[in-house]
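Number of protein chains: 2
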Amino acid sequence: MIGLHDLFLAADRQKGKLLTDTFPELHLVAELPVDAIVERISSLRAGDAVELINELDDDQAFAVFSLLSHDQAVRLLDQPEIQRAPEIIEHLAPGLSSSLLDEMSADRATDVFQELDEPLRNLLFPLLATETKVALKKLMGYAPDTAGSLMTIEFIAVPANWTVAQTLSHIRQVERSRETVYAIYVTDPKTKVLQRVVSLRRLIMSHPDELILSVGRDEKPVAISPLTDTEQVSRLFRKHDLLAVPVVDESGHMIGIVTVDDVLDAMTEDMSEDTYKFGGMEALDKPYMQISFLQMLKKRGGWLGILFLSEMLTASAMQHFEVELEKAIVLTLFIPLIMSSGGNSGSQATSLLIRALALQDVRLKDWWRVALRELPTGIALGSFLGFIGVVRIVTWQYLGFYDYGEYWYLIAATIGLALICIVTFGSVVGSMLPFILQRIGFDPASASAPFVATLVDVTGLVIYFSVALLVLTGTIL
Amino acid sequence: MIGLHDLFLAADRQKGKLLTDTFPELHLVAELPVDAIVERISSLRAGDAVELINELDDDQAFAVFSLLSHDQAVRLLDQPEIQRAPEIIEHLAPGLSSSLLDEMSADRATDVFQELDEPLRNLLFPLLATETKVALKKLMGYAPDTAGSLMTIEFIAVPANWTVAQTLSHIRQVERSRETVYAIYVTDPKTKVLQRVVSLRRLIMSHPDELILSVGRDEKPVAISPLTDTEQVSRLFRKHDLLAVPVVDESGHMIGIVTVDDVLDAMTEDMSEDTYKFGGMEALDKPYMQISFLQMLKKRGGWLGILFLSEMLTASAMQHFEVELEKAIVLTLFIPLIMSSGGNSGSQATSLLIRALALQDVRLKDWWRVALRELPTGIALGSFLGFIGVVRIVTWQYLGFYDYGEYWYLIAATIGLALICIVTFGSVVGSMLPFILQRIGFDPASASAPFVATLVDVTGLVIYFSVALLVLTGTIL
Numbered sequence: 001m002i003g004l005h006d007l008f009l010a011a012d013r014q015k016g017k018l019l020t021d022t023f024p025e026l027h028l029v030a031e032l033p034v035d036a037i038v039e040r041i042s043s044l045r046a047g048d049a050v051e052l053i054n055e056l057d058d059d060q061a062f063a064v065f066s067l068l069s070h071d072q073a074v075r076l077l078d079q080p081e082i083q084r085a086p087e088i089i090e091h092l093a094p095g096l097s098s099s100l101l102d103e104m105s106a107d108r109a110t111d112v113f114q115e116l117d118e119p120l121r122n123l124l125f126p127l128l129a130t131e132t133k134v135a136l137k138k139l140m141g142y143a144p145d146t147a148g149s150l151m152t153i154e155f156i157a158v159p160a161n162w163t164v165a166q167t168l169s170h171i172r173q174v175e176r177s178r179e180t181v182y183a184i185y186v187t188d189p190k191t192k193v194l195q196r197v198v199s200l201r202r203l204i205m206s207h208p209d210e211l212i213l214s215v216g217r218d219e220k221p222v223a224i225s226p227l228t229d230t231e232q233v234s235r236l237f238r239k240h241d242l243l244a245v246p247v248v249d250e251s252g253h254m255i256g257i258v259t260v261d262d263v264l265d266a267m268t269e270d271m272s273e274d275t276y277k278f279g280g281m282e283a284l285d286k287p288y289m290q291i292s293f294l295q296m297l298k299k300r301g302g303w304l305g306i307l308f309l310s311e312m313l314t315a316s317a318m319q320h321f322e323v324e325l326e327k328a329i330v331l332t333l334f335i336p337l338i339m340s341s342g343g344n345s346g347s348q349a350t351s352l353l354i355r356a357l358a359l360q361d362v363r364l365k366d367w368w369r370v371a372l373r374e375l376p377t378g379i380a381l382g383s384f385l386g387f388i389g390v391v392r393i394v395t396w397q398y399l400g401f402y403d404y405g406e407y408w409y410l411i412a413a414t415i416g417l418a419l420i421c422i423v424t425f426g427s428v429v430g431s432m433l434p435f436i437l438q439r440i441g442f443d444p445a446s447a448s449a450p451f452v453a454t455l456v457d458v459t460g461l462v463i464y465f466s467v468a469l470l471v472l473t474g475t476i477l
Numbered sequence: 478m479i480g481l482h483d484l485f486l487a488a489d490r491q492k493g494k495l496l497t498d499t500f501p502e503l504h505l506v507a508e509l510p511v512d513a514i515v516e517r518i519s520s521l522r523a524g525d526a527v528e529l530i531n532e533l534d535d536d537q538a539f540a541v542f543s544l545l546s547h548d549q550a551v552r553l554l555d556q557p558e559i560q561r562a563p564e565i566i567e568h569l570a571p572g573l574s575s576s577l578l579d580e581m582s583a584d585r586a587t588d589v590f591q592e593l594d595e596p597l598r599n600l601l602f603p604l605l606a607t608e609t610k611v612a613l614k615k616l617m618g619y620a621p622d623t624a625g626s627l628m629t630i631e632f633i634a635v636p637a638n639w640t641v642a643q644t645l646s647h648i649r650q651v652e653r654s655r656e657t658v659y660a661i662y663v664t665d666p667k668t669k670v671l672q673r674v675v676s677l678r679r680l681i682m683s684h685p686d687e688l689i690l691s692v693g694r695d696e697k698p699v700a701i702s703p704l705t706d707t708e709q710v711s712r713l714f715r716k717h718d719l720l721a722v723p724v725v726d727e728s729g730h731m732i733g734i735v736t737v738d739d740v741l742d743a744m745t746e747d748m749s750e751d752t753y754k755f756g757g758m759e760a761l762d763k764p765y766m767q768i769s770f771l772q773m774l775k776k777r778g779g780w781l782g783i784l785f786l787s788e789m790l791t792a793s794a795m796q797h798f799e800v801e802l803e804k805a806i807v808l809t810l811f812i813p814l815i816m817s818s819g820g821n822s823g824s825q826a827t828s829l830l831i832r833a834l835a836l837q838d839v840r841l842k843d844w845w846r847v848a849l850r851e852l853p854t855g856i857a858l859g860s861f862l863g864f865i866g867v868v869r870i871v872t873w874q875y876l877g878f879y880d881y882g883e884y885w886y887l888i889a890a891t892i893g894l895a896l897i898c899i900v901t902f903g904s905v906v907g908s909m910l911p912f913i914l915q916r917i918g919f920d921p922a923s924a925s926a927p928f929v930a931t932l933v934d935v936t937g938l939v940i941y942f943s944v945a946l947l948v949l950t951g952t953i954l
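These protein sequence lines map, in sequence, to chains A and B. According to the working numbering, the first sequence is numbered sequentially starting from 1. According to the working numbering, the second sequence is numbered sequentially starting from 478.
Rather than coming from a laboratory, the hints here were simulated on the basis of the structure. Note that the Cβ used here is the ideal one computed from N, Cα and C, for glycine as well. Please note: incorrect hints may appear among the correct ones.
Which residues of chain B face chain A? A few of them, derived with a C-beta cut under 8 angstroms, are [to be verified]:
(1) Val515
(2) Ser519
(3) Arg522
(4) Tyr753
(5) Met758
(6) Ser860
(7) Thr936
So here's chain A without its partners, still in its complex pose (with noise of 0.2 angstroms):
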């Protein structure tokens, strides 16, 4: 088996880890000329193929799709992984590039097409196939992060009065360029309302007379609207280990079918996403090293830049405490200490927590208990970095390193105490902000580690010189 013997030729170990590629000699060919390409591409799987296309520029891709045979583009653009579809379609003839949406499965050809800008979409809608027209008016009406703009309407249902031998016929007719019989979709003869899944497995398994409908597991089928958002759907697909789930209207008729691949590229996606929020910043929706200057720059400037307004009250707070500042410049060596412990420990609740919603392990409702939980947690970490932090001072002092000054001591318990005070703070706030995020209706994950910091510092300072001033009123203060 040479494949598979390239296949672990091609491994790198890396410290352990085993990169397996299935394409190792990627690069090479992206260097050859045009027509070698096109000559490769057939024999190359869809996966790897649209990997090469990605590696081309622009130049080469467009010549290279125009050479391609019709098959050929369809089986390409079909991969959700290709990077310049809208693009592509572009420098294509109106005519091919109808045809070419009209081959495609129905859920990928209403992606490309939503890519396009307006006046090619006006251009190539009157060209298509009527049945793609209604495919494309059926599937653009969903949002994004919706079932509906995940499902494909290509799925197989027949009536609950067929035969086994029956529905193996019908499925032998029905061409398919991907691979979507996944399981059989029984529905009433007459409503045509869904009544149950029947995987392939069990049609296999049965006898050619048996009615269809006796042949499926005896159970109501999982089904969803398609308004279902994408992370239940993940989470339905999780919980019962489904390969395909039937979407339906509200009378229980079949609209279409999410498949298990597209839950994986959703999942993918929704993980970048809230990443890239809890990062602090909005979603990329190009690979990092597409994306133009400008574009990065509104991405990352907005969510930076209210951020830097929110945290200038911090400038303000200090403001409001600059006598204190004069006459104790000591307490200012601590502020950087004490308030990215405070955002620190924000951080991780609010990390936490976000997991916590995502999967479902708490619910709304659960709030109250999270904060009792919280409550402890903070006051216990809290004591711990108190802890250090008054030690590092008691020893700065005794070794000679630093002179805190007469009241020593009472620095030390003004930043022990104020560090308590403010991981408590910024554990229980940290952990409360997917709880009030989900609550106005907004993602969990928009909770960033910056904006919890920035809420952390705001209010640490605050906690912090009442510490001070309750500790040191009289002596320094």
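Place chain B on chain A using the hints.
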């Protein structure tokens, strides 16, 4: 279709999102007496039954399991989502436990067995069927986060010289409790090396007398080694839209398969781990509400302490500049603002590059390209924030909100310049951190937001005061 209608009645419309729950009456059922629960379970989908079990308290759960039929117990234990599997096994008689493990799918039996305490493992192992012992020995050797830890050894492989009819007949005979027949693996009759993969659909569409070898796509199958890490496995599934992937040894013999449902679960776990890491803590191995107080402190205290110790360098840095601080208290007012801007831009850059590396949009060797992009981006963003900062100071001075002193315009210049430097520094450092971590063998996702912020804080202070010395020497300093 009462079931589907229930689904919609149970739908909870929250600000335009539909939540579909496949088992809305769960909490009512959990209140029923144990025998009522047992009876109910046989009519529930496995995913819903497991949710129910998870909702019960320990005594209820153990009681239910002692009353369940053998098949039902296996059905539930086979679900990865069931939460107290080791405890349940502990509370059953060893003879019963071992026979349950025998009937479970091999990968689930391995997972559960590995979670048992050692005495119990030693007790149960001799009681297992030989087949189970062999499977456990094979699968337990694989580290978590590798394909071997995800795979199951229950797959269907047939020799290449069989016909379609022989294959179908074989499938019918092989009884499986799980629907693991995603594809048929075709092996060389003599060497038993994997040759082709044939989907069920192609099987159905083919003539019974055709050779199984000619039915499969003429394509080298995608295969992985058991040491392939789970992130790479997920990537392969997404790239090639796979439902299952064969796991082979170095000679190309099949060891097992990894199925897409396990990949979905692995991806969710990876997502959680990455979120916790990015938030600056260790990954949790249990749902939020189930972690003990002490475990929680351990998971969070570690990183919190390390970051605190690192951040103490800021106090040292400020002590070093204390002369300047005393001369220009006004500089302290902006310390939180400037440092947080560095931390925020670093956080953004880090989240960007963590994802870019995970999705392989950039590779390790592209680090310099990334640095070349982050430099101008940081300068632009820093100038943006610097502009706002300067405007703020100028406005406050002119409107009389605060008097920054005789050289207020130099203060403004200091702040502006410092912001440019720190945001640039933060962006570049934040973007390089995931590369460095990956280079030395760590998961790039360990580059947490708090970690980046701490890095930037300490150096940021030095930058700030250096800029201040540059601009203000001779006047205030």
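Now for the hints, and whether the structure bears them out:
1. Restraint check, valine 515/B versus chain A: the minimum CB separation of about 18 angstroms is more than 8 angstroms; hint violated.
2. The closest approach between the C-beta of serine 519/B and any C-beta of chain A is roughly 11 angstroms, which is over the 8 angstroms cut-off, so the hint fails.
3. Proximity of arginine 522/B to chain A holds as hinted, the smallest CB-CB distance being about 6 angstroms (cut-off 8 angstroms).
4. Proximity of tyrosine 753/B to chain A holds as hinted, the smallest CB-CB distance being about 6 angstroms (cut-off 8 angstroms).
5. Proximity of methionine 758/B to chain A holds as hinted, the smallest CB-CB distance being about 4 angstroms (cut-off 8 angstroms).
6. Because the beta carbon of serine 860/B sits about 10 angstroms from the nearest beta carbon in chain A, more than 8 angstroms, this interface hint is broken.
7. This hint is violated: threonine 936/B has a C-beta 12 angstroms from the nearest C-beta of chain A, more than the 8 angstroms allowed.
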